[in-house]
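The opening residue of the sequence shown carries number 2 in our numbering; numbering runs sequentially from there.
These are computed hints drawn from the structure, not numbers from a lab. Predicted, not measured: the structure shown is a model, and the values here were computed from it. There could be a bad hint or two in this list.
Claimed, not checked - Calculated cross-link-like contacts (lysine-lysine; reagent style DSS-like; alpha-carbon spacing at most 27 Å):
1. 534 <-> 854
2. 219 <-> 260
3. 303 <-> 219
4. 860 <-> 878
5. 635 <-> 744
6. 744 <-> 878
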Amino acid sequence: MLNNLTECEEGDGGPNSQGDAASKESSPFINSSTSDVEKSQQYDGKNMALFEEEMDTSPMVSSLLSSLANYSNLTQGSKEHEEAENNEEARKKTVQAPRMGTIMGVYLPCMQNILGVILFLRMTWLVGVGGVLGTFLIVFMCCSTTMLTAISMSAIATNGVVPAGGSYYMISRSLGPEFGGAVGICFYLGTTFAGAMYILGCIEILLIYIVPAAAVFKMEGLEGAEAEAALLNNMRVYGTIVLSFMAVVVFVGVKYVNKLALVFLACVVLSILAVYAGVIKTSFDPPDFPVCLLGNRTLMSKFFDVCAKTVQQGNATVTTKLWRVFCDSEFLNATCDEYFTNNNISQIQGIPGVTSGIMAENLFSTFMEKNSFLEKQGLSAVLDPDSARTNSNRYVLADITSFFTLLVGIYFPSVTGIMAGSNRSGDLQDAQKSIPVGTILAIATTSFIYMSSVFLFGACVDGVVLRDKFGEGVNGNLVIGTLAWPSPWVIVFGSFFSTCGAGLQSLTGAPRLLQAIARDGIIPFLRVFGHGKANGEPTWALLLTACICEIGILIASLDAVAPILSMFFLMCYMFVNLACALQTLLRTPNWRPRFKFYHWALSLLGMSLCLTLMFLCSWYYAIVAMVIAGCIYKYIEFCGAEKEWGDGIRGISLSAARFALMRLEEGPPHTKNWRPQILVLMGLDGEQNVEHPRLLSLTNQLKAGKGLTIVGACVEGTYLNNQPLAQKADQSLRKLMDSEKVKGFSQVVISSNLRDATSHLIQAGGLGGLRHNAVLISYPKNWKQAEEHHKCRNFIEVVRETTAASLALMVPKNIAAYPSNGERFTEGHIDVWWIVHDGGMLMLLPFLLRQHKVWRKCKMRIFTVAQMDDNSIQMKKDLMTFLYHLRLDAEVEVVEMHDSDISAYTYEKTLVMEQRSKILKEMHLTKNEREREIQSITDVSRGSIRRKNPSNLHAQRSITEESVAEGGEEKPEEEVQLIQGQNATPTSPTSPTSPTPEAISPDEDLQMSWTDDTEKINNPAVVNPETVKDMFNMKPNQTNVRRMHHAQKLNEVIVKKSQDAKLVLLNMPGPPRNRTGEENYMEFLEVLTDGLNRVLLVRGGGREVITIYS
C-alpha cells in the first residue's frame, strides 16, 4: 500500500507530484533554510504556507485521500497474463482484470474445493464403519473448525485492504515473518499434497470403476498382499502420468484451467443433485442392487453369476459357479469348504430405501481389523472356531484396520478449501465484503450437504454395502453411485471430472503461493522460486510442486495421503485463529475488523479444535508437522531477511516483556540468581569507530550470551547537530557486537561533555528491573600525558559514581593484550588476589570466564594476604573449606606480608608524585575552570574590601577547598585504604628521610593552596617561581607515603607469584573522597599493577553475589 501511495504522490495525480526534486533539508524545523521559489509558487493560494517546508515528507490531506480512494491492489492475474501473452494488442494496453463478485469470486470456488473426492469415494464407507452418530460427530467437529476459522479469517479480511496474496498475506502480516513463513510453507505443502490426493482419487475411479482392464499390473488371479501391491503400483504409474499431464497443462496456460473450472464445478453439483434425487426415489422405488451373503459374510460378486449353491434345471439339481469356487469339483458329492457347507446362501437388498428403517442398524460404529470379513449384523452363522481360515479371497475383506481417529484424518480433507475465495482476493470487486459472506455461505452449504449425507446414507443403504469401500459386493459399482439417479455413471463421471479439476486447481494455486513466499524474501533458500516466465508465471515453483506432489503419488494410498494434508491444513487454520485471538487480547491499535460477528473466544475455540483434531488424526504426523514448522521458524529467525510487518507476535513479545519487567520490579534478585548485568562503556575515535574492541571480546567471555548487556558510547555536542554522528556510532557498536557475538543492546548518548554523557549512561541505562549491576570500562592509557588528562578524571568519576550507585566495577588494564574469542589457552592460571571481601565478585568472575572456551583450560588460583597477627595455616584451611562450600575448584595460597620500614625510594617517589600533582593542577586547568577560579577569587576579594567581613578568610578557604585547582596537602583518608588492616604503622622516626611530625595549621594550608592572586589573574597559566620553590621544599603527606609503601610491597608479591598467569584479578582500591587526590590515586594503581600483563581490577557493588547454599 505504501508503494502505491508513493507512486500516487510521485505520479500525475497528486498535487505535490511536481515538487522540487532536490534533497530534503537536514533540519526538521520550519525556516531552517531559505525556501525555494518554485515551492512557494507551487503552494501559493492553497493556504499551506505554514507547512510548505514539510510537504516533501507530509503530503496534504487532499492528496492522501485521493491516493487512498484510487488505491488498487495487484491482481493475481494468471488469466490476464495468459491473455496478454497470446494477444498482441493486449500487450500495448493495460489489461484490466474483470472484477468478480461474491458468488463467482468466493462462493463457487469454495464450493468446488470443499466438495470433492472424499465425498464421492469415502463418505459411504465412513458412515458404514463409524456409524451415523460417530460420523456425524466427525463431520460436526470438522465443519465447526472450518466455520470458526472462516470467522477469524473474515475478521482479518475486514481489518484493512486485502491486497493480492490472499490467505498467506493475511496470515504472515498478522503473525509476522517467522510464523508467517512457517504457516505459509505448511499451507503450501497441504495444497500440494491435496493435489496428490485428488490425482489418486482420479486414478482410483478410472482403474476400479471405469476401465479396470487398463491396469498395467494385472490383478486377476492375485490374492491378498500381491493384489494390493499390484493396485498400488498401478496407482503410481497412472498417477505419475496424470501428474505430468496436469503440470504441462498448467505450464502451457492457466487460462485453460480457469475456463474449465465452471465445467468441473457443474460436474460436482450435478453429481450431488443425482444423489439427492436417488435418495428421494428410494422412498417409493428402491433400486435393485442385491448383495449375496454366505452365512453372514459378504461374497465378492465377480465370483458368481447366481447367488445360490445349486439351481434347478428341469428335474436336475445343478451346481453353480459359486459351488465350484468353494468345492473341489462341480458334482454334488464334491468336498467343499467347511464354512460353505455349514451355512446357507442368502440375498439382501443393498439399498432398501429411506422408509426401510435400516437407520437403526447403521446407527453405531462397526470398526474392523485388516483382512477381516465384511459381515451382516443380525444374521447368524455356523462357525467352527478351531477350523482354519480358507478361501478368504472369495469374500469382501476390510483393506485397512479402521478406528475413530483414522476416520477423522481421512474425512478432514473434505472440508478444506475454505481459503479458495480469499486466495482470489486480487480479483474481487470488494474483498472485504465478498470474502466473509462468500466463505461462510460456502461452508454453511457444504456442511449441510455433508451432514445430510450422513443421515441419508445411513437411512438408505445397508451396512454391508456402506462398508464395502470399492463396491466389490455390488458388481464393482461405486457405492454412492448405486444410490444415484438416473444412473450410477452420473456419479462416476462426475466425480472423475471433479477430482481432475480439483487436482488442476491445486497445481495452479500451490506454485503461486510458493512464489509469493519466495518473493517476500523471508526464506533465503527459496528465492530462486520467486522467478518465473516473463509474464510472471511461476515456472520453477511449478517444478518443485510437481516433485513434492510425486511423493504423495508414490505413497499411492488415498487413505494414507489424506492425514498428511490434514496436518498441514489444520496447522494453517490453527495459526489463523491464533492470529485473531492475539490481536484482540493484546488490543492492538490497528486491529479494527469490520466483521461484527467475531469474538476472541471463538478464535481460541477454533484453535483448540484444530490442535485436538491434529492429534486425533495422527499424533506422529502432528509432531512431524510441528517439527517442520518449528525448523522453518528457527531458520527464518536466524537466516531470513528482517521484516517488520506490524505483526501480532511483536505485540505479544512486548506484553511478555512488560510483564517480566513488572515482575523484576518486585525486588532485587536472590544471591543465587545474581549474574553480572554489564554496562560496557566504549570509547570512540574521531571517526566514531570503537577504540577498544577487545572489551566486547571480554564481555562475550564473561556473559556467554546470558543476562543483560548494554554497550554504551558517548558523543560530545548537542543532540540536534550530532544526531548523525550518534547514528554512525550506534552502527559501529552494533557491527562490532555482531562480529563479537555479544547479545545485548547498544546505546549512544549525546551530551555537551563526555563526563556528563557517561554519568547519564550509568544512571539511566536499562529499564525497570532490567538494569545493569556492573560496569566494564577500560583502564585509561597514557593518562600521564597532558592531552589525556581529561580521560583520567573521567575514569575516576566513573569509579566514584559506580561506588555511589552500588554497582560493581571491572577495569581491565592492557585490554589490547586480552585474548579474542577465537584464541584458546591450552594451559595457565587465572590468579585471584583476594585482599578485601567485596561480596564474592573475585570468586565469581573466574568461574564465569572458565565457562568460555577461551579460558576453559586455565586453572584457578586464589591468593590472600595474612597480616602479622594472623594464623596463616588456619587461614588456608578456612579458605579451602569456604571454596569447597562454594563448589569452586581452585588452588589456595596464603601470602604473608611482614612489616618493614618505608624505604627512601618510597619516600622520594611519594614526594615526586605530590610535586607532580601540584604542577599538573597549576598547568592543566581548562579555560573555563581558570575563569571560574579567577572569578571566585575576585568576588571574595571585593566582598572583603566592601564589607570588611571578618569571615572573609572562611569564605575564601571554602571556595579554595571546592576548587579543582586546589594544591597542597590533603586530609588523611582512612576509609580508602589499599589494604585494610592493622599493619598501617607510622614511619619510623629514626629514618633519615622521614618527615617531621609537625601538624600544618589551616592558615598554612590555605597559603600553600594558592599563589599570588594578582599574578594568577594577570596570567593564570604561568606558574609562580615562588610556588615552584615551595613545591621543592614541601614535605610528602604521611598517608600517601604509607599507601605508596603498601602498593609497592603488594606489587612485589603479586609479580613474584603471578607474573606468568594468564590473568590476574585484584581488588580495586576505592576512589578519593574529594578531588584533591585524583592523580595520586592513579599513581597508586600504576604502582600496584606494574609489571603485570593482564590485570582485571574488580570492585564489588556492596552486596553478596555468591553463596554456599543450594
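Next on the checklist: For each hint given before, does the structure comply? Return the numbers of the non-compliant ones in rising order.
Outcome noted: Hints 1, 2 and 6 are the ones this structure does not satisfy, whereas the remaining hints hold.
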